[in-house]
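Protein chains: 2
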Amino acid sequence: MRNIGIAGFGTVGQAFFNQISKNHKNFKVIQIAVKNIKKKRKVNLKNIKVTSKVQELATNPDIQVLVECIGGSSGAAYKLVKTALENKKHIITANKALLAMHGNELVKLAEKNNVSISYEAAIAGGIPVVKAVRENLKYNNISKIYGILNGTCNYILTKMEKEGKDFSLVLKDAQKLGFAELDPTFDVKGIDAAHKITLLSSLAFNVPIKFSSTYIEGVDKVELDDFRFAKEFGYKIKLLGVAERKKDSYEQRVHPCLIKEDSEIAKVENELNAVVIIDDMIGKTVLIGPGAGGKPTGAAIVADLIDLNRGNINLPLGNSISQSKKLKNIDILDSSFAYFLKIVVKDEVGVMRRISDILARNKISIDQQKQEHSNKRGYATIVIITHKIKEKIVLKAIKEINNMKRINNKVKFIRIEG
Amino acid sequence: MRNIGIAGFGTVGQAFFNQISKNHKNFKVIQIAVKNIKKKRKVNLKNIKVTSKVQELATNPDIQVLVECIGGSSGAAYKLVKTALENKKHIITANKALLAMHGNELVKLAEKNNVSISYEAAIAGGIPVVKAVRENLKYNNISKIYGILNGTCNYILTKMEKEGKDFSLVLKDAQKLGFAELDPTFDVKGIDAAHKITLLSSLAFNVPIKFSSTYIEGVDKVELDDFRFAKEFGYKIKLLGVAERKKDSYEQRVHPCLIKEDSEIAKVENELNAVVIIDDMIGKTVLIGPGAGGKPTGAAIVADLIDLNRGNINLPLGNSISQSKKLKNIDILDSSFAYFLKIVVKDEVGVMRRISDILARNKISIDQQKQEHSNKRGYATIVIITHKIKEKIVLKAIKEINNMKRINNKVKFIRIEG
Chain A
793 MRNIGIAGFG TVGQAFFNQI SKNHKNFKVI QIAVKNIKKK RKVNLKNIKV
843 TSKVQELATN PDIQVLVECI GGSSGAAYKL VKTALENKKH IITANKALLA
893 MHGNELVKLA EKNNVSISYE AAIAGGIPVV KAVRENLKYN NISKIYGILN
943 GTCNYILTKM EKEGKDFSLV LKDAQKLGFA ELDPTFDVKG IDAAHKITLL
993 SSLAFNVPIK FSSTYIEGVD KVELDDFRFA KEFGYKIKLL GVAERKKDSY
1043 EQRVHPCLIK EDSEIAKVEN ELNAVVIIDD MIGKTVLIGP GAGGKPTGAA
1093 IVADLIDLNR GNINLPLGNS ISQSKKLKNI DILDSSFAYF LKIVVKDEVG
1143 VMRRISDILA RNKISIDQQK QEHSNKRGYA TIVIITHKIK EKIVLKAIKE
1193 INNMKRINNK VKFIRIEG
Chain U
793 MRNIGIAGFG TVGQAFFNQI SKNHKNFKVI QIAVKNIKKK RKVNLKNIKV
843 TSKVQELATN PDIQVLVECI GGSSGAAYKL VKTALENKKH IITANKALLA
893 MHGNELVKLA EKNNVSISYE AAIAGGIPVV KAVRENLKYN NISKIYGILN
943 GTCNYILTKM EKEGKDFSLV LKDAQKLGFA ELDPTFDVKG IDAAHKITLL
993 SSLAFNVPIK FSSTYIEGVD KVELDDFRFA KEFGYKIKLL GVAERKKDSY
1043 EQRVHPCLIK EDSEIAKVEN ELNAVVIIDD MIGKTVLIGP GAGGKPTGAA
1093 IVADLIDLNR GNINLPLGNS ISQSKKLKNI DILDSSFAYF LKIVVKDEVG
1143 VMRRISDILA RNKISIDQQK QEHSNKRGYA TIVIITHKIK EKIVLKAIKE
1193 INNMKRINNK VKFIRIEG
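Those sequence lines, one after another, are chains A and U. Just so we're aligned: 1145 in this note's numbering is position 353 of the first sequence, and the numbers increase by one with no gaps anywhere. Just so we're aligned: 947 in this note's numbering is position 155 of the second sequence, and the numbers increase by one with no gaps anywhere.
Some clues are possibly wrong.
A pair holds if it fits inside one copy or across any two, identical chains being indistinguishable in the list.
[As the list claims (entries may be wrong)] Each computed DSSO-like pair below joins lysine-lysine, with the alpha-carbon atoms no more than 27 Å apart:
(1) K874 <-> K1023
(2) K817 <-> K1038
(3) K1002 <-> K831
(4) K968 <-> K838
(5) K1118 <-> K814
(6) K845 <-> K1168
(7) K1120 <-> K1182
(8) K831 <-> K1188
(9) K1204 <-> K817
(10) K814 <-> K1039
(11) K981 <-> K814
(12) K874 <-> K832
(13) K1052 <-> K951
(14) K1076 <-> K936
(15) K1023 <-> K954
(16) K880 <-> K1120
(17) K1023 <-> K1052
(18) K1002 <-> K951
(19) K954 <-> K1155
(20) K845 <-> K871
(21) K1162 <-> K1076
In short, the hints are calculated from the structure, not lab data.
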């Protein structure tokens, strides 16, 4: 496993190349596929074949391990990895989108050809969470795995909370600083986190990879005063990816959550990631570290490579995908949460009675509440923390409240986790 | 690797046995060595050879993997493991004392006989820290690894802080609740944490296992008002095991530390453990979880067993011990820390001047300080946070202060970490 091809030579590909060249000279990068072959680069590529025809790497007979750093769930990356697996090459990738969308097919192909797909770099950067789950914790009957899986979102939420700037301003700053992409859709809409939790869910519960079952909300609807209200009730706001298993069913979801401010991951700030694993032997294990960046991601690829070279050929999901479990997916409408509800109403006699009435008729019980003057003159903001209740019931009640005449904006809600 | 012998059938041995019997039926426990063969046990041992002659397991030709749960660094455990390795049996153990004291010899023997010594269970219970370091993070040039490695001490410090009871009272409570042993020496004196940090140091830095180089202080000298003063300056008190690497040297130490109350591990409370790894690629990785108990420890043994069965025969220290580095050990006297100093003095004119004079002459600069009435009438308590300074200089200054006539007790000091 000493001859390596690198497909895609951006931040991650170059970081990996630098680490290998400097610290792991027993490996040899023999071919690199780049977009623009004429571009001047700082790295020394002497004695390395450089091509712009990425698919060459899939069939180059000298390459034993293909490091895929192109990204994207379809197109070049998909075709490359598929062909490389058919040619019995081991794959190491940081591409969560590819695995979330085509993982089952690629894993089957890898198993059939007796090669690995390693993807420590795809989830939570350098934190060795894939290894920890696949080779250790998954034997303990994991009931829940969740975490802060997108550094961009965590950075944005942290800045909103600490600096009191609203979403669009913070996003612009983040883009300037390189913490957010120019097209931030995948990050801020929760899609990237959803790719990752879909993979973790599959690893943890032995279920096929099913991205379409993952419920997704991003951070773009979180408002500035949500942080203040959350804090008053003892919560922080984080975008979490959550996979939870019941007896014969499971759920996968990504959305903003209120989490208790004294929980382990409430203090995981800025671009850091965190993963929490709950199982029936150990209880709770928490892993925290940087979730992105060239160096950590490159380091995860190096670790996967050394693993391979040690002869540690893992089944990509820990168990054979042919033996994965058939569990029913739980629709989020059938899940239960405690909710944070924010309602802006005309400050008139009887409004709260009407809201209370709607909640009571839907059997939604109030845990805590608070009312204060709204920014808008003559209006009040009411914040309610409910007890646990099914999502579909809350949505019905919210619809009824939204239909009230004296409601200013649509009711905002954020689920409370844990 | 399906035939297993278990030596020692206490909490951990039984927890492991139950997990294997219930969830991992592809493995078979064929012999168990117990102290008292006549003792009634809740577990079903039908079809299993039970012996009181533990050494039989080392030579039983049917046993492929020996799970050592006897404990202790010498005597039966040492003899058993040594003989078993000579008979080419893989060892899985939770015995940090044995490895800290005889690890080099045993690791050499394992390498020679081409078998493994797995010890995920020996450090931080179920947290997969050995795997994370050995098979992932150690390739990133680790400069420091540290953590809360003893659950008993962490439980005691947490209770002292939260409940305002002093050390001996909390220890008694902890013993009643089973969180501390009847003979708590190994825990409260820091020896257990020292065993663990010695092993982590060896793993992280590729140095031979050298317990005798580990500086050790326990928690038994921590006083109740230390918590209050620490808090006023923004710190918590934790017993940390720390291994740190400089260019050609390294240090290993265990002692109470003041750590910033907003650091990741300041909130790791009660019997929880935490390990922090700093390297030059990822930066900081933090792992948190329960550090002891039958189930987590048993689960770590199960994970090691499955690893072995997958054919993942690791060198016990990740690299061959024959290639370990020769680094100089740094004496703690030559290390530098910021210090928390607590001085109880007669409340008289000129006392603070005299202390300041001693500090200034020794070039110890004061970062923060506070003086208040002592419990003892006519005395004052002075607390000083120093800037970073070499330990030997601080000890010299403390000696001079202790020699002052108006000092009530000897100066107390706690090192500040980070």
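Quick rundown of the hints versus the structure:
Taking the shortest alpha-carbon separations for K874 and K1023, neither the intra-copy value of 48 Å nor the inter-copy value of 57 Å comes in at or below 27 Å. In this assembly of identical chains, the alpha carbons of K817 and K1038 lie at most 27 Å apart only when taken from different copies (23 Å versus 47 Å within one copy). When the C-alpha separation of K1002 and K831 is checked against a cutoff of 27 Å, the pair qualifies neither within a copy, at 39 Å, nor between copies, at 51 Å. For a Cα distance limit of 27 Å, the shortest separation of K968 from K838 qualifies neither inside one copy, at 34 Å, nor across copies, at 68 Å.
Proximity of K1118 and K814 under a CA criterion of 27 Å is satisfied inter-copy only: 21 Å between copies versus 45 Å inside one chain copy. Taking the shortest alpha-carbon separations for K845 and K1168, neither the intra-copy value of 59 Å nor the inter-copy value of 82 Å comes in at or below 27 Å. Taking identical chains as interchangeable, the C-alpha atoms of K1120 and K1182 lie at most 27 Å apart only when both belong to the same chain, with a minimum of 18 Å there against 62 Å between chains. For a Cα distance limit of 27 Å, the shortest separation of K831 from K1188 qualifies neither inside one copy, at 57 Å, nor across copies, at 61 Å.
For a Cα distance limit of 27 Å, the shortest separation of K1204 from K817 qualifies neither inside one copy, at 55 Å, nor across copies, at 50 Å. For a Cα distance limit of 27 Å, the shortest separation of K814 from K1039 across copies, 17 Å, qualifies, whereas the shortest one inside one copy, 49 Å, does not. Taking the closest pair of Cα atoms, K981 and K814 never come within 27 Å of each other, the shortest separation being 38 Å inside a single copy and 42 Å across copies. When the C-alpha separation of K874 and K832 is checked against a cutoff of 27 Å, the pair qualifies neither within a copy, at 30 Å, nor between copies, at 58 Å.
When the C-alpha separation of K1052 and K951 is checked against a cutoff of 27 Å, the pair qualifies both within a copy, at 19 Å, and between copies, at 22 Å. For the identical chains of this complex, K1076 and K936 are neighbours both inside a copy (9 Å) and across copies (25 Å), given an alpha-carbon limit of 27 Å. Taking CA atoms no more than 27 Å apart as the test, K1023 paired with K954 passes in both settings, with 12 Å inside one copy and 23 Å between copies. Taking the closest pair of Cα atoms, K880 and K1120 never come within 27 Å of each other, the shortest separation being 34 Å inside a single copy and 46 Å across copies.
Proximity of K1023 to K1052 under the C-alpha cut-off of 27 Å is found in both arrangements, the shortest distances being 9 Å within a copy and 22 Å between copies. In this assembly of identical chains, the alpha carbons of K1002 and K951 never lie at most 27 Å apart, being 32 Å within a copy and 45 Å across copies at closest. Within a single copy, K954 and K1155 get their C-alpha atoms no closer than 36 Å, and across copies no closer than 39 Å, so neither meets the 27 Å cut-off. Taking identical chains as interchangeable, the C-alpha atoms of K845 and K871 lie at most 27 Å apart only when both belong to the same chain, with a minimum of 12 Å there against 61 Å between chains.
Neither within a single protomer nor between protomers do K1162 and K1076 lie at most 27 Å apart by alpha-carbon distance, with minima of 33 Å and 39 Å respectively.
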